[in-house]
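Order-wise, the sequence lines are chains A and B. For the first sequence, the residue numbers in UniProt numbering are 1 to 420. For the second sequence, the residue numbers in UniProt numbering are 1 to 487.
Everything labelled a hint here was simulated from the structure, so no lab data went into it. Every residue gets a Cβ at the ideal spot worked out from N, C-alpha and C, and that includes glycine. Do not take every clue at face value.
[To be verified] With beta-carbon atoms standing in for the labels, derived distance ranges:
#  : chain 1 : residue 1 : chain 2 : residue 2 : range
1  : A       : Gly262    : B       : Ala169    : 53 to 61 angstroms
2  : B       : Arg180    : A       : Asp352    : 48 to 56 angstroms
3  : A       : Gln81     : B       : Leu218    : 20 to 28 angstroms
4  : A       : Ile106    : B       : Leu154    : 34 to 42 angstroms
5  : B       : Ala38     : A       : Leu156    : 24 to 32 angstroms
6  : B       : Pro315    : A       : Gly262    : 53 to 61 angstroms
7  : A       : Tyr149    : B       : Arg180    : 51 to 59 angstroms
8  : A       : Gly182    : B       : Ala191    : 37 to 45 angstroms
9  : B       : Pro150    : A       : Gly182    : 44 to 52 angstroms
10 : A       : Thr240    : B       : Ala196    : 22 to 30 angstroms
11 : A       : Trp27     : B       : Glu289    : 51 to 59 angstroms
12 : A       : Gly12     : B       : Arg193    : 31 to 39 angstroms
[Claimed, not checked] Reference listing, derived: stretches of chain B covered by chain A, where coverage requires no fewer than 3 residues with Cβ under 8 angstroms from a Cβ of chain A:
#  : region
13 : 44-51
14 : 196-205
15 : 299-313
16 : 337-348
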Amino acid sequence: MRATPAVWTVRGAAAVLTVAGLAHTLWNGVAEPGAALAFGALITIGELARRDRQDPPGRHPAPLGSAGALAYALLGQNAGQPTHHGVLQIVAVAVAAALAGMVPHIARGRGPAVDHLSRRVLTVAFAAVCFQPLYNSGRLEERVGQGPYLVVFLLLLLGLTALCDAVLAAAPAGAATGRPYGPLLRDELRAQLGIGSAICATGVVMALGAAVAGLWALPVFSVPLLLTQLSFHRITAIRTTYRQTITSLARATEIAGCTRPGHSRRVAALSCAVGRELGLSERELTVLEYAALMHDIGQLSLVDPVPDGATAGLPGAEARRIAELGGEVARQTGVPAEVAVVVERQADPYRDQPTSARIVRTVNAYDDLVGGSRHPGGSLAALERLRLGTGHDYQPEVVECLARVLARGGRDRVVPVPPG
Amino acid sequence: MRALPPGARAYILCAVLVAAACVTPALTDSGTPWAAVAVLAVLYLGCELLRFCPLPGSRVPEGIGSFLPVVLAGVFLLPPAAAALVALPGAFAGTVVQRPAGVRRVWHAAQQATAAWVAGQAYGLLRGPAALGGGPAAGSGPPAALADFPYVLLPAAVAAVAFSLVLTALDGGILALAERRPAATAWSGLATRSLAPHCVHGLAGLMMAVMWRSPYGLPAALLVLLPMYISCWLFAQYHRERGAHRATIRALVHAVDIKDRYTRGHSERVGQASTMIARELGMTEDRLETVRIAGILHDVGKLGVPTRLLRKDGPLTPQERRIIELHPEYGHEMVRGIGFLGEARSAILHHHEKVDGSGYPYGLTGEQIPVLARVVAVADAFDAMTSTRSYSRARPVPVALAELERCAGAHFDPAMVRALVEAIGRTGWHPVVTSDEDLQVIPARAAPAGDEATPEPGPEPERPGVPVGRTRQGAGRRDADGTGAGA
Chain A
1 MRATPAVWTV RGAAAVLTVA GLAHTLWNGV AEPGAALAFG ALITIGELAR
51 RDRQDPPGRH PAPLGSAGAL AYALLGQNAG QPTHHGVLQI VAVAVAAALA
101 GMVPHIARGR GPAVDHLSRR VLTVAFAAVC FQPLYNSGRL EERVGQGPYL
151 VVFLLLLLGL TALCDAVLAA APAGAATGRP YGPLLRDELR AQLGIGSAIC
201 ATGVVMALGA AVAGLWALPV FSVPLLLTQL SFHRITAIRT TYRQTITSLA
251 RATEIAGCTR PGHSRRVAAL SCAVGRELGL SERELTVLEY AALMHDIGQL
301 SLVDPVPDGA TAGLPGAEAR RIAELGGEVA RQTGVPAEVA VVVERQADPY
351 RDQPTSARIV RTVNAYDDLV GGSRHPGGSL AALERLRLGT GHDYQPEVVE
401 CLARVLARGG RDRVVPVPPG
Chain B
1 MRALPPGARA YILCAVLVAA ACVTPALTDS GTPWAAVAVL AVLYLGCELL
51 RFCPLPGSRV PEGIGSFLPV VLAGVFLLPP AAAALVALPG AFAGTVVQRP
101 AGVRRVWHAA QQATAAWVAG QAYGLLRGPA ALGGGPAAGS GPPAALADFP
151 YVLLPAAVAA VAFSLVLTAL DGGILALAER RPAATAWSGL ATRSLAPHCV
201 HGLAGLMMAV MWRSPYGLPA ALLVLLPMYI SCWLFAQYHR ERGAHRATIR
251 ALVHAVDIKD RYTRGHSERV GQASTMIARE LGMTEDRLET VRIAGILHDV
301 GKLGVPTRLL RKDGPLTPQE RRIIELHPEY GHEMVRGIGF LGEARSAILH
351 HHEKVDGSGY PYGLTGEQIP VLARVVAVAD AFDAMTSTRS YSRARPVPVA
401 LAELERCAGA HFDPAMVRAL VEAIGRTGWH PVVTSDEDLQ VIPARAAPAG
451 DEATPEPGPE PERPGVPVGR TRQGAGRRDA DGTGAGA
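From just these sequences and the hints, can you work out the full model?
Pasting the structure below:
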């Protein structure tokens with residue numbers, strides 16, 4: 001992430017909190033060292049289990065660490081005895097444990113995940129500030145008691161914390177990429193929905209479990225989240241290979257001489273940029289990317305390749321036949337069914353198409369028109385041709401969106417598809 | 001399960017009667033905590049029904065399996081008979097993939113009720129209910145007793161293992177009776193595969209029970225379920241994505257099949273033969289998977305060769321032959337970006353090298369050729385000889401093996417040939433994926449030498465032809481279903 005003022009604000013606030021927490025704890029000593037040690041160990045283990053690979057921003061790279069830190073922030077009782085640790089000690093323990101867990105990652109040559117850590121510090125401090133003073137003063141117990149209502153209160157509190165976390169993640173990302181803030185926050189909140197809710201639930205349950213069963217609750221209650229983390233890693237790994245395999249399949253058309261080198265990857269990257277500009281969600285973007293990678297796959301079924309692989313210049317019926325063949329191949333690849341639909345419908349008039357197919361059709365035509373030697377005017381001439389076709393073939397909004405993306409710097413600024 | 005054999009019917013009837021006997025005490029006993037039973041039963045039912053309702057953005061993946069923590073929490077919280085009652089509605093409503101659905105549902109319900117009852121008995125014997133601590137969450141003071149923590153893990157673990165073992169034993173029985181699997185293979189693997197997931201579910205059930213008994217009550221218990229459910233979800237999702245990935249690999253192969261109709265099924269069979277050789281050579285499991293994929297993808301470069309050339313009947317000109325001989329390099333170029341292939345990529349590049357250096361593309365000799373490439377070369381030649389091509393008819397397996405042995409040392413690595421001969425000598429050659437016209441492939445067992453004059457043309461009796469080119473989505477779906485059982 002580029003260091004913008006927003007990023008520096010987040011980092012600075014986290015640094016101030018950390019220094020204050022550590023100084024306070026060193027000065028006054030640790031209250032209830034046993035609990036501090038146990039939760040610290042849990043956070044450290046969570047960090048150790050984190051993977052080296054840079055996860056996409058906004059995702060939780062170390063769910064167990066986050067849950068442990070939240071649980072420590074919400075800890076009111078330990079095995080039936082009230083606890084006395086304050087907000088600053090919570091921050092100090094969370095930071096120290098996370099740093100200890102990061103040592104091996106740094107030793108392996110990865111930078112310390114500063115942004116991840118500063119977000120953690122701020123969210124944990126937020127939860128602790130909302131909970132500990134209320135609880136330690138006894139006012140919370142007066143109002144909601146030690147019972148089911150406390151659970152509801154904690155849940156509401158963690159909901160607020162998750163919102164705070166999403167804002168913290170979306171603000172720097174928005175400042176760095178210049179994307180509109182609304183969809184970013186929506187994506188962040190959607191990302192929180194799965195793993196984030198598991199983290200919050202585990203945090204609450206662990207704090208309450210420690211109140212009921214003592215520190216034994218920690219290892220027992222962290223098992224589901226640890227498994228979740230492992231499954232997550234494996235899913236990320238398989239998704240990476242999956243994408244590589246699909247890219248290879250897409251490249252089959254280039255090697256077979258059906259399309260020009262790099263065509264499908266260019267179309268995928270440019271389609272994703274247009275889709276993002278049009279405000280598609282992450283899932284829709286994934287579908288769009290796969291469909292764009294595979295959009296020419298139907299040409300493999302032809303006995304004689306199309307000249308130059310440019311389907312934009314073909315008569316409609318022929319293009320539709322190739323698209324249908326491609327949809328049939330795509331259906332067998334195990335990609336989501338929507339992808340096959342997009343591939344299949346890419347040659348239809350735009351009014352019959354789903355949005356993704358309109359984008360693929362337009363971008364594909366653009367790449368064909370620019371790449372072929374028939375249009376020495378390049379990008380502008382190609383766009384002009386597309387504009388002429390907006391009556392029937394291409395959606396005007398998509399064409400204009402493409403023009404905007406290209407005007408902003410075109411392919412250099414689109415998010416790259418990993419080279420395959 | 002086509003028609004249910006009488007033995008299996010009797011077996012299911014027995015299981016239902018046993019389950020009824022387990023449940024009955026709860027119905028007659030006046031002390032059954034009906035409120036708790038109802039809440040848990042509805043929860044379990046809800047978890048099972050969740051997969052039918054559309055969620056925003058994503059669906060519950062198939063093959064998520066039964067969500068057992070609720071049942072096990074029932075085991076820990078309730079008397080055994082009441083716990084058996086909890087299992088009934090959810091098990092009955094659970095997903096059933098294959099037909100006959102009704103019988104399977106009844107069977108699952110009976111199975112889980114019995115297992116819950118047995119687990120409850122085991123838990124009770126070890127003084128589990130007392131160790132759970134807490135009391136009914138009615139009192140508003142401090143909790144009556146804290147959970148006796150390290151100890152309570154023991155009865156919980158024993159109960160989870162008992163639950164798992166009963167399920168496995170009943171499953172093995174029905175497999176042996178209804179699907180006519182040999183009893184030994186029906187049980188083997190089932191126990192090891194399900195024990196670990198059941199123990200994790202048991203742990204989650206224990207957490208739920210502890211929170212239920214604590215002053216925080218039901219809301220806290222529900223919160224325990226959420227991470228566990230997401231964990232199961234992701235596990236199933238992982239298996240689905242892996243299935244999708246395998247389907248993509250098949251699609252690559254299928255793309256080759258579209259172009260080169262004569263080699264239909266060839267890739268899968270080469271993968272199979274390569275795995276046989278590699279296993280005979282004592283390679284590790286990881287490497288076997290690599291070998292299999294190398295075998296499957298070895299001809300992927302043919303996508304780069306013009307279709308007219310591949311389908312040409314009759315002799316090729318030297319010029320055309322040179323173009324076809326480019327396919328290992330095309331294939332290598334194509335799969336260059338797939339990280340996990342690793343060694344398999346070099347096998348794709350070098351599978352036409354010969355030991356004496358007369359092969360292509362680089363003319364490597366002997367040890368210079370990567371091991372996997374030598375394995376795939378032998379498997380490729382073997383399958384080419386035993387299936388019909390445009391230029392030759394299929395030869396019987398023993399003839400092909402004799403031909404391979406003749407060429408060993410010149411074309412092929414003798415060690416690989418020996419491994420193939422020994423592997424086929426032991427288990428025979430049963431091509432998994434037979435081709436479109438089954439007559440093209442000769443599924444011969446390792447016949448004695450005199451048998452080769454009468455090859456047995458005809459499909460495998462237990463495997464009807466599954467043409468590679470015709471598997472629409474079935475292949476991917478089969479994976480997703482088959483592997484989801486462990487969740």
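Checked hints:
Between glycine 262(A) and alanine 169(B) the beta carbons are some 58 angstroms apart, a value that agrees with the proposed interval 53 to 61 angstroms. Checked against the hint of 48 to 56 angstroms, the C-beta distance between arginine 180(B) and aspartate 352(A) comes to roughly 52 angstroms, which is consistent with it. Between glutamine 81(A) and leucine 218(B) the C-beta distance comes to about 25 angstroms, which sits within the given range of 20 to 28 angstroms. Judged by the Cβ atoms, the range 34 to 42 angstroms given for isoleucine 106(A) and leucine 154(B) holds: they are separated by roughly 41 angstroms.
The hint said 24 to 32 angstroms for the Cβ distance between alanine 38(B) and leucine 156(A), and at roughly 28 angstroms that hint holds. Between proline 315(B) and glycine 262(A) the C-beta distance comes to about 37 angstroms, which lies outside the given range of 53 to 61 angstroms. The beta-carbon spacing between tyrosine 149(A) and arginine 180(B), approximately 58 angstroms, falls within the hinted interval of 51 to 59 angstroms. With their beta carbons about 53 angstroms apart, glycine 182(A) and alanine 191(B) fall outside the hinted range of 37 to 45 angstroms.
Checked against the hint of 44 to 52 angstroms, the pair proline 150(B) and glycine 182(A) passes, with Cβ atoms roughly 51 angstroms apart. Judged by the Cβ atoms, the range 22 to 30 angstroms given for threonine 240(A) and alanine 196(B) holds: they are separated by roughly 26 angstroms. The hint said 51 to 59 angstroms for the Cβ distance between tryptophan 27(A) and glutamate 289(B), and at roughly 57 angstroms that hint holds. Here the CB-CB span from glycine 12(A) to arginine 193(B) is close to 52 angstroms, at odds with the stated 31 to 39 angstroms.
Beta-carbon proximity to chain A at under 8 angstroms applies to 0 residues in the region 44-51 of chain B; the threshold of 3 is not reached and the given coverage is violated. Under a criterion of three residues with beta carbons nearer than 8 angstroms to beta carbons of chain A, the stated coverage of the region 196-205 of chain B is upheld, 3 such residues being counted. Under the rule that three or more residues need a Cβ within less than 8 angstroms of chain A, the assignment of the region 299-313 of chain B holds, with 9 such residues. Counting residues of the region 337-348 of chain B whose beta-carbon sits less than 8 angstroms from any beta-carbon of chain A gives 4, enough to reach three: the coverage restraint holds.
The structure shown violates the earlier hints numbered 6, 8, 12, 13.
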